[in-house]
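Novice: Chains as they are written, first to last, in this note's numbering: chain A, 1 to 115; chain B, 116 to 228.
Note that these hints are calculated values from the structure, not bench results. Be aware that a few hints might be false.
Only pairs whose alpha carbons sit at most 25 Å apart, straight line, appear in this in silico SDA-like list of lysine to any residue [claimed, not checked]:
1. B:K171 <-> A:Y105
2. A:K57 <-> B:Y145
3. A:K57 <-> A:L21
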Amino acid sequence: KAGVTQTPRYLIKTRGQQVTLSCSPISGHRSVSWYQQTPGQGLQFLFEYFSETQRNKGNFPGRFSGRQFSNSRSEMNVSTLELGDSALYLCASSLASQGKADTQYFGPGTRLTVL
Amino acid sequence: GNSVTQMEGPVTLSEEAFLTINCTYTATGYPSLFWYVQYPGEGLQLLLKATKADDKGSNKGFEATYRKETTSFHLEKGSVQVSDSAVYFCALAGYSSASKIIFGSGTRLSIRP
Chain A
1 KAGVTQTPRY
11 LIKTRGQQVT
21 LSCSPISGHR
31 SVSWYQQTPG
41 QGLQFLFEYF
51 SETQRNKGNF
61 PGRFSGRQFS
71 NSRSEMNVST
81 LELGDSALYL
91 CASSLASQGK
101 ADTQYFGPGT
111 RLTVL
Chain B
116 GNSVTQMEGP
126 VTLSEEAFLT
136 INCTYTATGY
146 PSLFWYVQYP
156 GEGLQLLLKA
166 TKADDKGSNK
176 GFEATYRKET
186 TSFHLEKGSV
196 QVSDSAVYFC
206 ALAGYSSASK
216 IIFGSGTRLS
226 IRP
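Could you build all of it, start to finish, from the sequences and the hints given here?
Specialist: Spelled out as structure tokens, the structure:
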């Protein structure tokens, strides 16, 4: 079974631009979560999508948004990029039985650099 | 709110040494606890997990026991190898938000041959 895939793997943008990252979950997984990893803040939860609906949300500004398609693939968008948005963005998928801590499988991440 | 505190790194050990990485947590209710590992240039991999008190998770020679009385989930391995060099993250997920994982700050482990 193929793992979680993320595209692109690397991205360079300038301040003020917007960016869209893509995540394809493991086949059969209905939940997709996004995390931001930075040296200063560590790993922080952005949001989770399940059946095309945002089910959980972290403490990030509205510039960070996401969506999920009917095939469970997910995209996250960051508008008006700031230097501090430079990070590794990780996507994770799981079966997501409600109330059960199913194993989350992580993709390799997208490394975003904002200049 | 929920939080995880883990041992500051980096930790450097010789091959075949005994490893302990401390992890404590704060959470309401009965969270599930995890150890994830991140090898250089890669994403996170689940190393082991425990979903209730006194459970022991184990994988690849690593072990951790869910201790509710001390709110701890320390990672141990009896004999480390050079290939264990990586960053280790302790994490928890609450019952009501099982897909929202709260991570510790990570501990970088380096093993000398």
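Novice: Does each hint hold? Answer for all of them.
Specialist: We went through each hint and held it up to the structure:
Between B:K171 and A:Y105, the direct Cα distance comes to roughly 21 Å. Compliance with the 25 Å bound is thereby established for this hinted pair. Of the supplied pair hints, the one linking A:K57 and B:Y145 holds, its CA atoms being roughly 21 Å apart against a limit of 25 Å. Under the criterion of a C-alpha separation no larger than 25 Å, the hint pairing A:K57 with A:L21 is consistent with the structure, at around 17 Å.
The structure fails none of the hints (numbered hints given earlier).
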